[in-house]
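Trainee: Take a look at the letters that make up each chain.
There are 2 protein chains.
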Amino acid sequence: MKKYLLAPGPTAISPEVLLSMAQPILHHRAPEFGELIKRVREDLKWLFQTENEVLIIASTGTGGMEGSVSNFLNPGDKALFVNGGKFGERWGKICKSYGVLTEEITVEWGCAVNPDDVATALKKDPTIKAVFTQASETSTGVAHPIREVAEVVKSYPDCLMVVDAISALGVFDVQTDAWGLDVVVSGSQKALALPPGLAFVAVSEKGWARADKVNNAKFYFDFKKEHAAIKKNQTAYTAAVSLIVGLEQSLKMMKTEGRENIYARRALMAKALREAMTGIGLASFPKQSPAVSVTAISVPEGYDGQAIYKDLRVKYGITAAGGQDHLKGKVFRISNMGYLDTFDTITAVAAIEMVLKAMGFPLKLGTGVGIAQEILLKK
Amino acid sequence: MKKYLLAPGPTAISPEVLLSMAQPILHHRAPEFGELIKRVREDLKWLFQTENEVLIIASTGTGGMEGSVSNFLNPGDKALFVNGGKFGERWGKICKSYGVLTEEITVEWGCAVNPDDVATALKKDPTIKAVFTQASETSTGVAHPIREVAEVVKSYPDCLMVVDAISALGVFDVQTDAWGLDVVVSGSQKALALPPGLAFVAVSEKGWARADKVNNAKFYFDFKKEHAAIKKNQTAYTAAVSLIVGLEQSLKMMKTEGRENIYARRALMAKALREAMTGIGLASFPKQSPAVSVTAISVPEGYDGQAIYKDLRVKYGITAAGGQDHLKGKVFRISNMGYLDTFDTITAVAAIEMVLKAMGFPLKLGTGVGIAQEILLKK
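Going down the list, the sequences are from chains H and X. In this text, residue positions in the first sequence follow my numbering: the first is 108, and each later residue adds one. In this text, residue positions in the second sequence follow my numbering: the first is 108, and each later residue adds one.
Treat identical chains as interchangeable: a pair holds within one or across any two.
Below are the DSS-like pairs computed for lysine-lysine, each with C-alpha atoms no more than 25 Å apart in a straight line: (1) K359 to K486; (2) K338 to K200; (3) K338 to K435; (4) K145 to K110; (5) K331 to K152; (6) K193 to K331; (7) K203 to K331; (8) K193 to K339; (9) K320 to K200; (10) K332 to K193; (11) K435 to K332; (12) K320 to K203; (13) K417 to K339; (14) K331 to K200; (15) K394 to K193; (16) K437 to K339; (17) K236 to K261; (18) K338 to K193; (19) K339 to K110; (20) K435 to K339; (21) K417 to K338.
Hints are computed from structural coordinates only; laboratory data are not their basis.
Bound-form chain H, shown alone (with noise of 0.2 Å):
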């Protein structure tokens, strides 16, 4: 069976990126190896819409997340977290495992954060050393106001705006230096539509500054001595060689359509597979603001999510993902992240329907592919 990976993370990879690592490896301390590394930190930039560097680690995004704690907040530092998933929730067990003393905005899953709640905290408390949200919820599928949220942060001048765009970067518009994000996590499996095992953080000025004054136990995870490599076009450890000839690779893909024309088809896709969602009696899960990256289905009442994620992969060879914690079973999620495109989407929403169709849902097949076309001939 032909098989279709519609999974927020690992995504699909494109056979010109899969083909780039096929090819012999390259030695990491080669001159060869230096030179692929500054072109790809150039992109990177272009792509995080930077000025300042962009660190490259060898691990998942979740690595970036603690360095982003571990190299920016000293024990007893207060932090603010929004919580409204299961990866807000993650910063909030980071920021303890650190010793770091949180403040919470707990956002009922498939809900955005209010960034007045975010002033209202940090007048509460002015010694907040830094915010930590995610700009994409992947398990909600809901999308956070991060540029208004840093418009907030931006008046604390000792506290540092700390985004995971892992599941955002390079699928909706997230400008790192023009909204003033201190410091911005990215990995290499969701839109980048790389393998997993690399993560990528950008940090400011009042970033490096902060990092200064830190002192936590870290070693592989340490941020100023991946920035002072940098000088010398290496990593501080062995490079995670491969994936980053094929992250040359992806981003040269990226660059040739460009950043607002990828923004755009994604837009596209992921309103064509909402509406045809709607079209066919299923509600988008998020009550306000969906994410372009991810789209998370409500299950109509008296069927079962995880049925229908089953069922889309063992009948149609479809890997899509099921909802998280006490999602479970009321939600799947559509990614629209990776190597995919139009046809992807129709795909998505014609198995959908023929998955339902042998449930007993009612609908007429066809219905929400329809819509999908209509929206997606728009491009």
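With chain H's structure known, arrange chain X on it following the hints.
Mentor: Frame of chain H; chain X shown alone:
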């Protein structure tokens, strides 16, 4: 120009492994991947010669080393480390960054640790909670007698034997369980002939008992969390899926050859290279216990090791390694790890002869090659 990778990591990768990783990527929570990682973990136990689980972490070897400190020692605990090169030094640095109090056995670069010195140090301070060493010190090409050191450590029930086997495992015999090694770290980009990006850690019962008493701040390298994920055939965080697919292929090839055959073949190749070098007047750098993994060759008086290393690359497409720190210019290193066989050894010897000849070094071309052939014929 055809390229040859003879550096001690990343090492040359087989086409079988490269192509296995060029297949469409699997999702890390798909049942198919669960089955795969279960098989791979069994094969890793075979390679590590252990009945205990082997953790698979998405980082390079240094991440595994850091976790082998942070999971087993509290700040203020005492540790003994063997410093006989760049990587021994690294154990010390990691310990220091975690507030571990270190005793150091300084071993002259090119020499192996004397197990009696470990015995003396432990007798002097029986409160030492861990001994850190390398099985093979990549920077000097020396193998430390870890079996004998472990024998000493065994009599201290509260002291762990921690071995960096990054450039040893899969090259020469390392018997994790039989020798009483409590923590054994390895990585993907050496003998396993995979790209960098995976660390492996085997932990004994004694090790896990200790981990229960340790409370360092850690998240990504939390070994207990990784250990718990094994029961579900998962990894704690997103797995480096592609590398694990390659790992299965690599381990399959190793099992087909057989552990003893691999060790014998590698030992013969290392011997052929060493004796060929001696035959043309180049001494092996190690004064004792040369490692099979990598051969460090002393540069003749009046010649520049960096120039030899550079000529190999520029004239002949061979990536070898120079010397590190104070050995820079004084040694060059040829790897015996990765997808290499008989005629890679011949290639190395022939190229070194040709480079030296062009530099005016007195030798009869083919002398070293003949010596290597003689030895390799014994296979």
